Amino acid sequence: MNSTQHHPQHSTESGFTLVELLIVMSVILILMVMAIPAMQKTIIRANETSAISSLRDLTQMEGEYASTYPQHGFSCSLQTLGGKTVSGTPPTAESAQLINEDLSSGTKSGYTFTITNCTKTTINNVDQYNSYEITAVPNSVGHTGNRGFCTDENAQIRFDPKGGTNCTELLQ
Numbered sequence: 317m318n319s320t321q322h323h324p325q326h327s328t329e330s331g332f333t334l335v336e337l338l339i340v341m342s343v344i345l346i347l348m349v350m351a352i353p354a355m356q357k358t359i360i361r362a363n364e365t366s367a368i369s370s371l372r373d374l375t376q377m378e379g380e381y382a383s384t385y386p387q388h389g390f391s392c393s394l395q396t397l398g399g400k401t402v403s404g405t406p407p408t409a410e411s412a413q414l415i416n417e418d419l420s421s422g423t424k425s426g427y428t429f430t431i432t433n434c435t436k437t438t439i440n441n442v443d444q445y446n447s448y449e450i451t452a453v454p455n456s457v458g459h460t461g462n463r464g465f466c467t468d469e470n471a472q473i474r475f476d477p478k479g480g481t482n483c484t485e486l487l488q
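Residues in the sequence shown are numbered from 317 upward in steps of one, following my numbering.
Quick caveat, the hints were computed from the structure, so don't treat them as lab data. Here the structure is a predicted model, which is why all the values come from computation and not from measurement. You can trust all of the hints, since none of them are fake.
Label pairs and their computed distance ranges (CB to CB):
#	residue 1	residue 2	range
1	S447	K400	24 to 34 Å
2	M341	T432	49 to 59 Å
3	S383	S403	17 to 27 Å
4	M348	S421	27 to 37 Å
EDC-like, lysine to aspartate or glutamate: derived pairs with alpha carbons at most 16 Å apart:
#	residue 1	residue 2
5	K436	E469
6	K400	E417
7	K400	D418
Backbone N, C-alpha and C define an ideal beta-carbon position, used for all residues, glycine too.
The whole structure should be built from the sequences, with the hints applied where relevant.
Printed below as a string of structure tokens:
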């Protein structure tokens with residue numbers, strides 16, 4: 317009688333078991349959960365620093381605009397401070413070419429910039445702006461920034477801790 321013996325086959329394949337893969341994925345997920353909030357805080361800090369720097373630049377460019385075009389005083393729009401630099405086209409009061417295109421568009425590094433509260437005097441049919449306020453508010457409070465920032469012709473930067481334009485606290 318022939319008896320056939322069955323021997324269990326041993327697999328020579330090597331790899332990870334499903335349990336091992338699940339453990340590794342769980343560890344990766346835990347690390348991501350811990351890292352994402354820290355990364356978000358870093359992004360917010362970087363955006364706020366960029367907004368403050370941009371406000372300082374805008375204040376400086378407002379002063380340059382007022383000294384270059386004294387009959388107009390300050391500029392009351394970002395587009396007037398900006399304008400495309402075209403070869404052979406000199407800057408004008410309507411397109412001073414003092415700031416780059418991303419800032420003159422009004423949006424930079426998660427913040428929206430506007431020039432508001434301009435007071436003007438009209439002399440010989442020319443509007444002369446004597447004051448202004450520049451605001452920078454986060455595009456999404458808590459995601460692109462936490463604080464709103466404001467400055468004016470006095471160059472003091474203030475902030476609103478709620479991300480709006482009610483800037484009552486002086487930036488230190």
